[in-house]
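Number of protein chains: 2
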Amino acid sequence: MPPIKQHFKVLETDPGSAARCGLLSTPHGDVRTPAFMPVGTQGTVKSLAPDTVKELGAEMILCNTYHLYLRPGHGLIASLGGLHSFMNWHGPILTDSGGFQVYSLGKLRKITPEGAIFQSHIDGSRHRLTPELAVEIQEALHSDIMMCLDECTPYPATFREAESSLSLTLSWAERSRKARADSSDQALYGIVQGGMYSELRKRAVEAISAMNFDGYALGGLSVGEPKAQMEQIVQETAPLLPADRPHYLMGVGTPEDIVKAVDCGIDLFDCVMPTRCARHGLLFTNAEKVVIKNARYREDNGPLDSECDCYTCRNFSRAYLRHLYVAGEILAMTLNTLHNIRYYMRLMEQIRNAIGCGQYAAFKTRFLESRLKA
Amino acid sequence: MPPIKQHFKVLETDPGSAARCGLLSTPHGDVRTPAFMPVGTQGTVKSLAPDTVKELGAEMILCNTYHLYLRPGHGLIASLGGLHSFMNWHGPILTDSGGFQVYSLGKLRKITPEGAIFQSHIDGSRHRLTPELAVEIQEALHSDIMMCLDECTPYPATFREAESSLSLTLSWAERSRKARADSSDQALYGIVQGGMYSELRKRAVEAISAMNFDGYALGGLSVGEPKAQMEQIVQETAPLLPADRPHYLMGVGTPEDIVKAVDCGIDLFDCVMPTRCARHGLLFTNAEKVVIKNARYREDNGPLDSECDCYTCRNFSRAYLRHLYVAGEILAMTLNTLHNIRYYMRLMEQIRNAIGCGQYAAFKTRFLESRLKA
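If you're matching them up, the sequences are chains A and B in order. Sequential numbering from -16 applies to the first sequence in our numbering. Sequential numbering from -16 applies to the second sequence in our numbering.
No wet-lab data here; the hints were simulated from the structure. Check the hints yourself; a few may be wrong.
You can't tell identical chains apart in this list, so a pair holds if it fits in one copy or across any two.
To be verified - Below, simulated DSBU-like cross-link-like pairs (lysine-lysine); rule was C-alpha separation at most 35 Å, straight line:
#1 K356 - K93
#2 K90 - K356
#3 K93 - K272
#4 K93 - K276
#5 K272 - K37
#6 K29 - K276
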């Protein structure tokens, strides 16, 4: 068995749910869970300086192996001292395996038992990503947490297709585990697939848990299935994960998704939603969904979100934010992203506080009711 | 005569040149001159938050009447409390008159004695900008310093053309002066035109000075003429300007242009060069011109400019800046702009220090020699 490469301690559990607060210790610092990781695809959380990301309250970010492998290249990043130094983010970093990005390439990729063959979205060049290479790249980047290469089971998939996809993911997990350097100080998380089939998810948890990873992720969700189906899989699967390791729900999601998944015992989240929505002028507030380009904000001298303490909300009116967005100004991207990330960070703080007070069930009910009104 | 709307005091003069240090006091604070104003075209210095602009050392910025008139509209800005509050920049603001932007529209504009008729670059709508309207817009924006509407004399122009253009500018200057509200706390500067003709420039200074403006600008330069011709006009014309008022060289220029113009007694500058170059990955350093996308910076782990104290230079390598630029990341724009503005601000600090020490001639010689090597 490989050694555990991180320390994770559950600090509080909620009496009315499976929600829990924890402390995840990594070589680059501690992360209070439940935590949301802003996505820094190409080695930058789009439009934000790393100091700003930290000030907003983010303790860990996610970077994409696929993107950094293609450009500027993991060898270059390693030769310059690793990803933390390259991007000047000195907190924890989780890197994905590249599997999901390759899956998203559609016709530009082919999956074989050996690995995934794909064409670069940048220049069409051909590449082969294997479980061993995914570990090698992530070791070169020197992230705090690595993910095993997996196959994201498409939706919809028949039971047989999902079963066959799962067995590929399980064999790749075993190969990833073996590929990791014994001397590594990087954690490695296994990924539970199994499509929308409870039985396969259960089988996946058993097999992946037996490999003794540092943490466990639920993958292959939020890929087009109805919300209710995703929620059911999370509700059924999360309680089966080893309780003493972090539980990570990959690529999810909306504030509602997060609040519900925390209830099932999920500790870690990542999603492009706050950053991507920001760049499209879609802004999160508890009171209403703000589409900042709308004419109704033209003369609105109030703050974007009167409950928010971010730089954007403290200093600018909706009318100004609308002007920047309509005029195509770069500052619109920055101010919008800053707010949306802060909204997510405040949500995670509220979630942790509610669990700490043993009031998570009530918090969840109140939050979901308020969102229905928004 | 209208009252003087600002206080300007020459604090130091250089024994070997016409260079001078001064303090320009406005309703929104003091500006140490010689000063460079970053350009905030649409109510934002592109890609920078106003707090950042201030931290970089900028004391006054320039905003464009033409752009803000078209979008979001000066009436809207006035109703929201004026431009300072709208963009959350609480230092001094100089607004141009819109004349140069209208001139730049080429075939989309027509000049009549009454004013300029033009079509919006945004939606093709037709507008008429008169000297009176230019003052009205700038009063609505409530800038600290307004500029008279002028006609930028095209280059090349015959003597007769330049003379005729100048008389239009002079009549517009008189109309601007009359249009200004007596109760206004905003300064109004007159603009010296006259093309490349020394005689016309001299005549322009005499006529404009007689109108007793709060400050005087040289316009119609850096419009396509050879560098030497621009320098000659500045050398001949600047010494004729009233010594007790600020001298502003509009739309200029490169670091070399600024160093030479200060030598002639210019106090204020503005130019899109540092911000626009930054967005195209062209970065200013004293040692070399950095075109950040170049392959030579791919593995360069050193700072952009080892002499610079900005956030970009303190925290990121050339290799990372190249990666961000090549990958089309928004953060590239922000980090590059931040550096170029800081470069200009440091240059102005060095200029003021050299004048303060009575060493400007030596500074200028050393600086221009070092730029030839760069």
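Do the hints match the structure? See the list:
1. K356 - K93: Answer is neither; intra-copy 44 Å and inter-copy 54 Å both fail.
2. K90 - K356: This pair counts as neither: shortest intra-copy Cα distance 41 Å, inter-copy 52 Å.
3. K93 - K272: Classified as neither: same-chain Cα gap 39 Å, cross-chain 45 Å, threshold 35 Å.
4. K93 - K276: Close across copies (33 Å), not inside one copy (41 Å); limit 35 Å.
5. K272 - K37: Answer is both; intra-copy 25 Å and inter-copy 32 Å each pass.
6. K29 - K276: both (20 Å within a copy, 19 Å between copies)
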